[in-house]
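Just so you know, the sequences run in chain order S and E. As numbered in my numbering, the first sequence has no gaps in its residue numbers, which increase by one up to the final residue, 1009. As numbered in my numbering, the second sequence has no gaps in its residue numbers, which increase by one up to the final residue, 1144.
The set of hints was computed from the structure by calculation and includes no laboratory data. Honestly, I wouldn't trust all of these hints.
[Stated by the list, open to error] Covered stretches of chain E (chain S as the covering partner; in silico rule of three or more C-beta atoms under 8 Å from a C-beta of chain S):
{"no.": "1", "stretch": "532-542"}
{"no.": "2", "stretch": "547-553"}
{"no.": "3", "stretch": "558-569"}
[Claimed, not checked] Label pairs and their calculated CB-CB ranges:
{"no.": "4", "chain 1": "E", "residue 1": "T557", "chain 2": "S", "residue 2": "V674", "range": "41 to 47 Å"}
{"no.": "5", "chain 1": "E", "residue 1": "P703", "chain 2": "S", "residue 2": "L884", "range": "48 to 54 Å"}
{"no.": "6", "chain 1": "S", "residue 1": "L681", "chain 2": "E", "residue 2": "K659", "range": "51 to 57 Å"}
{"no.": "7", "chain 1": "E", "residue 1": "T557", "chain 2": "S", "residue 2": "H942", "range": "41 to 47 Å"}
Where is the CB? At the ideal position from N, CA and C, for every residue including glycine.
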Amino acid sequence: MSRASSPLGVRRFLETVDRPAILAILGLLVVSLVTLYSVTHAPVPENGNPSLEVGRGIFWRQIVWIGVGLAALLIGYSIPFRTIEDSVWLQYGVVLVLLVLVLSMPHRMGAERWIILGPVQFQPSEIAKATMIFLLAHLFARRSGDVNQLRNLIVPTLLVLVPFALVLKQPDLGTGLVFMAILLPMLFWAGLEPLHVVLLAMPVLNLVMHLWFMSRGESGVWFWIAILAGMVAVTIWRRKHWLENLVLLGMNVGVRFLASAVWARMHDYQRKRIETFFSPDLDKLGQGYHVAQSKIAVGSGGLLGKGFMQGTQKELAFLPARHTDFIFSVVGEEFGLIGALIILTLFGILLTRGITFAARAHNPFARHAAFGIVAYLGFQMTQNIGMTVGLFPVAGIPLPLVSYGGSSLAMTLFLLGVLLNLGRSWREY
Amino acid sequence: MGGRRSHVDEARNARLAHVVLAGALLLLAGRIFTVQVIEHRKFLRLALENQFKIKRVIAPRGIIRDRTGKSLVDNVAEYELWIDASALRSDHALLGALARDFGVDTLAARSRWEAQKARGRGQGNLPVKLLDHVTKEQLSLFEQNTGRYAGADLLARGRRRYLYDDFATHVLGYVGEVPPDLVEKSQGTRAYRLGDFYGRSGVEALCEDDLRGQDGARRVQVNAAGQELFELPDKADPPLPGHDIELTVDFDLQHQLETQLWPQDRAGAAVVIDVRTGELLAAVSKPGYDLNRFSVGISTGDYEKLRNDPLTPLFNRYARATYPPGSTFKIVSSTAALENHVVRIDQPMGACGGSYRVGNHVFKCWEDRGHGSLAMLHAFEQSCDVYYYQLARPIGQDRLADTARQLGFGRVTGFDLPEERGLIPDSAYYDRVFGKRGWTTTLVVNCIIGQGEVLVTPLQMARLAAAVANGGRMYKPQIIHRVLDSNGRVLRAVEPVLERDGVFPDGIGDFLRKAMLEVVIGDHGTGHAALPDSILVAGKTGTAETPGKIEDHAWFVFFAPYDDPQIAGAIIVERAGHGGSVAAPIARQLISTYFHIPDNGPAYWRRMAALRASGVHIRGT
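Take the sequences, apply the hints, and build the full model.
Here it is as structure tokens:
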């Protein structure tokens, strides 16, 4: 840590860091600042509603947070990752305590997920995600045994399910999904066969499809039977993992009844949300408003965009959450397809480098931790951008590095520091 | 430092991870390409629409004027409070603010919206009216805090103002909210919306299509909260104001009739017709009620009070009330007798001793002392019942009915507002009601003096008087004089519609005119009270008996001036006594008003004395 904060540490960082990855990170941070500047500084039409403006302070605060985040990146880069690995159980314990604590915090933004300590506010679920990555990496590194065997899956799954349940109770479905999006790829990286990843994802897919059918007032029983039949067929064909497949089959059966029971107990507005997710065009001014407006903003941007600070949807505040979850829509509106492709390219470079780091590290913990970080960021990026163009549901997940958001940005940069460190020191272990 | 597990193909997994990443990026890029390039035009259009909101501008309803152009009904600026459907559905902060600051019943608004939504596709997206009337204080509160009420809107609409409250109630009619089924039926640019007003009765309803105009629109730039930023003048679609309606009614005449001339607390009706065109110069139904109470939405309690008023102010008496005509019907009886040659004009009938016996039934003359033996002119002048009783059976029920129908009774007049036919009984009618052979010819004895089953409307009676005056022409009674656009350009002007000509056979019309003059100026005439200074009036009194011990209905039908008839009319005052003493003076005063001569009370004796002194024989031939 002392190295990181010294000029020597910075110089050492610059000499040793992976150039494409750090340039991609800095590039995304520049995109974030440019976009936030446009959101906060574009001239507001006369007689506009002040309550709809995003304050200029947001831009300046983001600069401060980027400074804090870069420091966190240096810290992540400098900590020997063994230090992290050695304390995973302590981290896990602290995170569980925080997640329980946050349930008692007052509501904010409709979900109880912030801990407020005077001027500092943070979401324990942000820390929980990082800890989850480290803990799983630790488990997969230390334990021998084929993860394709059910008994070897039980411990990691249970360890994820506890914080997952606490997060769902907040309620924060988006973060819950992130946990799943961390667990499955890390299992894959630990040796779970791709087919098994697909099979494990089946209950989730089944759940989503069942909700879709119910929102349309259909039973969807044929889809369900087809999935079950497919799983039975795969099991018989492969003649192994009978127990695992039986459990998965049971989960697929159970999910349907669970979903029906939950649907029956839902409030109308909750059902509406699900219906809106599946067909946002039905209700442009209600629940589907965000997505519809976001698509309008992106679509009206066209090939080259309307130009810096020229976006009309953002300017007149048609675009909700345009500095946070929907910041990609602003990029799409003002910089068009070119701007969108630049963001995708930067993420592509960063994540490809991440996969390479994960693949070449000698240390098992390093391999798994690096892949977990890549999976985490990759899922967030895909989900967030997919959401702004109506491909995925609105889940309250920000675009890493680009969205405004203090503690989340700092956490992301910290994890990227760790990732860069793992990429640098692959030969050292 | 756990070793690598041999069964994991790490190189393959790394490749697979790269492939999945590339796949995800391609999926996103493809979707973004679709939205930004392929569907670009669609979203660009949506983006433009996003910024503009079309706001409805309600067309001002046409003005209703009298025949001289005097305004009777206009509009006063009024603001209604409406709310966007989406805000009503989900903006609880706004609903709370509206409930607190404007006393809006949000639950009622919500159920109104639910009902509207249930009416079909797209209805659920239309705005909903919250308040009919926004006060001045509320108006300024709203305008100073538009940010707080974004999603709600003030809509300017002219509230209907009836300048003379209960004037010409049953001509003008009132407006009310459009019922849902009409909203559903209406289509296109002239579609009604829930919460709109439309004419529900009278001329307001009759001329709805002219009066309502066509709503326009303003296009304004709005922000995401729906707040207006500025208006786009080049995109404005101004409303087309409704057409103005000029009635045939003469305000001074009708107003005088309704107020000064009308006996207090009496129900009744009066119709004054221009005998040359059939235009109604006055159409009075008393009592009326204040039409303004309907234009702000009358309360159920107030409406019930009107409905249960024993004098039935909601009832249009001049066209829809059917009364026994009493002796005014002798115009019809005389015509029937003469055209069927039952009696000659100069042929005296058996002497009137005050009553007339048919079998063991005694019919009384109104004059107990009797009139002696009279020919038709004086029998008409003195309204001798016994003279007519004697003609009844020779004419017969059916021939009397034929004549009555020919003179416009028992049938509609063609009037544009709702009217009744009345009743002219014939033998078929009695067969139906009493059974064949269940009735005798004595019934016609009652009918011939306008009693029994005979029922007529004041409008029919006035038209008969007009036909006597103009030589037998029956015009359609008209209430609309002209239709003008908002710039005063005449769009349509009423043309007289001659429905039938020559309703009186040769000589009979002339006789009736003379006979009606005799009623007013004859030595024994019953209508002396109708004679004003300097104009000759002809008329016929009637005193219609009503069942029970209550007072009779007082009738008077008339035309004037005798030499050059211009106006004719009928007046009935319910339960007021004799036509000659109650209704005839009203006729005199209204004639004085119309012809702008001073009214100095009944002029008969003064004028007779003056005429006799000058040696002029005024009886005519």
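Worksheet item: Do three or more residues from the stretch 532-542 of chain E put their C-beta atoms closer than 8 Å to C-beta atoms of chain S?
Response: Check passed, 7 qualifying residues.
Discussion item. A range of 41 to 47 Å was offered for this pair. Does it hold for the Cβ distance of E:T557 and S:V674?
Written reply: Check passed, 45 Å falls within 41 to 47 Å.
Worksheet item: Is 51 to 57 Å right for how far apart the beta carbons of S:L681 and E:K659 are?
Response: holds (54 Å)
Discussion item. Count the residues of the stretch 558-569 of chain E whose Cβ falls closer than 8 Å to any Cβ of chain S, and tell me whether that reaches three.
Written reply: holds (count 9)
Discussion item. Quick check: do three or more residues in the stretch 547-553 of chain E have a beta carbon closer than 8 Å to a beta carbon of chain S?
Written reply: That given contact holds, which follows from 5 residues of the stretch 547-553 of chain E lying within Cβ reach (below 8 Å) of chain S.
Practice prompt. May I ask you to test the hint 41 to 47 Å on the CB atoms belonging to E:T557 and S:H942?
Written response: Given range 41 to 47 Å: holds, Cβ gap about 43 Å.
Discussion item. Given the hint of 48 to 54 Å, is the C-beta distance from E:P703 to S:L884 inside that range or not?
Written reply: holds (50 Å)
Of the numbered hints stated above, none is contradicted by the structure.
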